[in-house]
Structures are given as structure tokens and as C-alpha cells.
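When you get a sec, could you build the whole thing from the sequences and use the hints?
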Amino acid sequence: MLKCRTMFDRLETLLPEINLFLKNVGEAFTLEDLKNFIGLKNFDDSNLGVFLISLSLAYFFPDPDSDSGVWISKHGFFTGKKFSVQISDTEDEMKIFIPGSRFLPFLPADKYAHEAKLFYEGKEIPKRRVYLSFDRLSSFYFLYTESDLSNVLCEDYEENVETFSGLHDSFNPEARFAVSAWDFSAVFDKCNFNYPMRLFVHIKDWSGAEFEILKERHEFLEENISNWFDLFEAAVRSSLKILPMESTTQDILSFAYFLGEDALFNENSAPMELFFERKDVFGVIPYGIEEKFWVLDEPIAVPANWFYYPYNETKEDNFFNSINRPVTEAVIDCFVLDFLSSNYMARFDDEVKGLFIKESLDLFIPEFMNNHKTLSSKCKTYLEMHYDYWVNLYNPFKDDGSKDLRSDLVDFYKNLIVFFNELDERKLKTSDFDGQSALMICQIFDKVFQWTEFVSSIEAEDYNFIEVISMSLENLSYVYTDVKVEIINKLSALTKT
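Numbering-wise (our numbering), the sequence shown opens with residue 1 and increments by one.
There are no misleading hints in this set.
In silico EDC-like links for lysine to aspartate or glutamate, alpha-carbon gap of 20 Å or less:
#, residue 1, residue 2
1, 447, 411
2, 23, 205
3, 241, 261
4, 241, 291
5, 447, 408
6, 215, 124
7, 111, 205
8, 127, 212
9, 292, 280
Since the hints were derived computationally from the structure, they do not count as laboratory data.
Please read all numbers here as calculations on a predicted model, not as lab measurements.
This is the structure:
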């Protein structure tokens, strides 16, 4: 089916105008002013607000004196602020600077640390390529997961892709990775800092990721450092409580600095990396099939549901969401296309079409569901509509490179939903299982929703991602097999007791 153009699509075309408004408005603004500026006076406030927050462009604070609350431009808030950093021994020896995690809270979401621009005395500091081991690089990217760091390195220099590929075949402890580093020889020579070398960085232009190294020197007293640690910890804990669970490390730390503005941005602010070096309070921990920044001594909460339905706007999505079934319009499209690719010559045969409808209905609306007849009839209508649409359009001889991925994805999903139906029929809840097995199933569904959306609407410029997703799907299948066994063993134990 042709995808309805979402409201977000409309706003994305206006991103340059939105960014221009947020850059010039200062800190506080109203959605009404923004809508007037971009020419969308009648646009829904809630959708516009979700868009701003999802792209990490603004903060929202409820205001008891105002129904509309208070909106703060992140550019307006962060631009002009100062924070401190501590130079590592490696940087001192090599006369370089690698921002890494130290700049993470102060970067816009669309910029990597290696894309930042650094200035000193009004002149841009040149970058150069250096080679370091993965372990040494990890010390600079201490808030990144291994996967995120790998992605960053490959985005920084393409040669790292080949290095990682070589390690996949045979591990080499001597492997070195290319990374962007700023030439700080002039900064170190002119400033003549004492050891440990600490300096202040001025956020010159937040949206442009421009930073200025300040020449001014400050004495860092241990008492002030200790006080700053307490304030920083409190701000991060508050940030974790307020923000949704899926928030990124960058979102969490940026929001913490926003919450603790005056307390964290001042002349006595300590280097953030010093906090993580001295205190084992927060860190990146296992989070289902992923990793997450969290409090080290607090367990991860079990999700309330086996899956969370993605953003929906179509009749199909609304229907399946209302009956709590893990089926999306994109899933249906993938099912139809996969079936047609295997039954192309007989695609107009009513019996063949009926076979597709029956096989899909058995998975999507199992017989144990209440009001099965009515729900099945409704689902059948959607399946027929999608089948009739694609049967006249699909041509296997012009099929793109996504055919094999789509087939593997459908097979994986069938296995997953059959298992989910077993859990659902027994009315088992996520809370019936300890550990992170329920969380992993929830995350696996999320991956499937993302990938079916991608495959069902793939365009030529997206073909490069097919191999990456295929590899990810293969890895996910191993993870799913393990967690499925874990849940089955738990069920066996519950049955025996």
C-alpha cells in the first residue's frame, strides 16, 4: 500500500525554517510563534511538540499558570554556556584532543563528536588523523556502547570498516583504528597548564557544533569538585526519572545539564569525565538485546507489555493496536509481497488468495481470542485489500534486492508470533518472568516493526542497508532462540510448581 504522508514528513521538509527560528528566538518560545514563522498556523500543537522533542530540538516544561507550558530552544539554552574538560595523559603526550564522551551532552543530535569545530583565539583548530587501539579509544568514548563506538569510528573514517571486517574473521589485538583528533600543540604551548591539565570550553554555536577553547585558567579545589559531583549526580538521577526509558545517553545527560543549569554551568564546574572516573554510580549496562546508560546498582524494570505498538495513523494500525496484536500495516505488506513472490503465476487464483488469507488470519487473529469471528472478519477485509492492491503491482522480475531479506524477515516474524500466541493464550504477563527475557522479546518486536517498515517501503537509495539489516536479523535470530529457550524453561518450572 502507498504510505500516507505523515505529519512528521511534512515537518521534516520545514526543518531549515524550524532550525532558523530556534536559533534566533533565544531560549523561551511558544508553539504559536513557531507555527506562524513556518506558515503552519493550524497545525496540531501536540504533533509539533512531539516532533521537536523527538529530534532533540527543544525542551518542554509544564507550567501551572499556563495551559501551553514553557518551551525552551536547546540552541538558545546551550549556546554561550561553558563546561570544563580534563586532558588525558595520551592527549598530553600526543599533543591532541579527542572530544569523545566529554562533548556528548553538548552536541546536537544530528552531529557526531568528530564533526565538531573547535576554535582557539578566534582561529579554527586543525584536525589530524591518529591511530589508536580499540581499548584506548574506549577510554575517550566511555559513555558509548561498543556498537555505538564502532558506528562512530566507521562514520569518522571509512578505512575502519575494513579493519572491523578483518577482526570479524580473526581477532588481532594489535589492530589500530583511525580517529579524528584536534592538534592541540599550540593550545598546550600557550596556556602552559598545570597537571592535571583542565580547561574550559565555550559552546560557541550549539546547532553548528562549534566550540571555543578558553585560555582562562581556574583553580579546581577538591571541595568544589566534590560539591559539583553531588549536584551532577542529583541532576542525572532526576533526568532518568523524568525522561522515557528509551532515551539515549546523550538525551539523559543533556537534560541533566538543563535541569541543573546554574549549579552545573559555573566557574567551579568539574570535568564530567572526572565524575565517571572516580564514582561508580552510572554507566552503560546490559539492557535486553542492547545496552543502556543507567544507575549501576538499580535493576532494569520489566516492561509492562510484550510489545509496544509503533506510531500509528492508518486504519489497519489502529485496528491491531486496539486489540493488542503485534501486527502493523508494514507487516501485512511484507506478508503479501513474500507470498506473491512464491505464488506469482497463480496469484489471481481465488484458491491461492484464500490460502494466503487463511494462513495470515491463523497467525494474526488466533482462535482463542475473544470475539474471534468479528475480529477475524475485520482482519480479513484488510488482508484482502492489501492483496488486491499488490497483486496488480508486484513484478518478481523487477523485484529489488530486498526479496531475500523480506522472505527471511517474514519467516522470523512467523516464528516470533507463533511463540507470542502461545504466551498470549496462556495469559502470561511480562511480570511472570524475572531477568530481562520479557524485555528482550519486547525489543525484538520493535526491531521487526522497524525492519518491516523499511523493507515494505524501500527505495533505491536504501539498498546499501539491506546487507546490514540481513546480518542484524541473523544475529537477532540467535538471540531470539536463546531467550525463547529461557522463557520455555521458566514455563516448565512454573508448571511443575
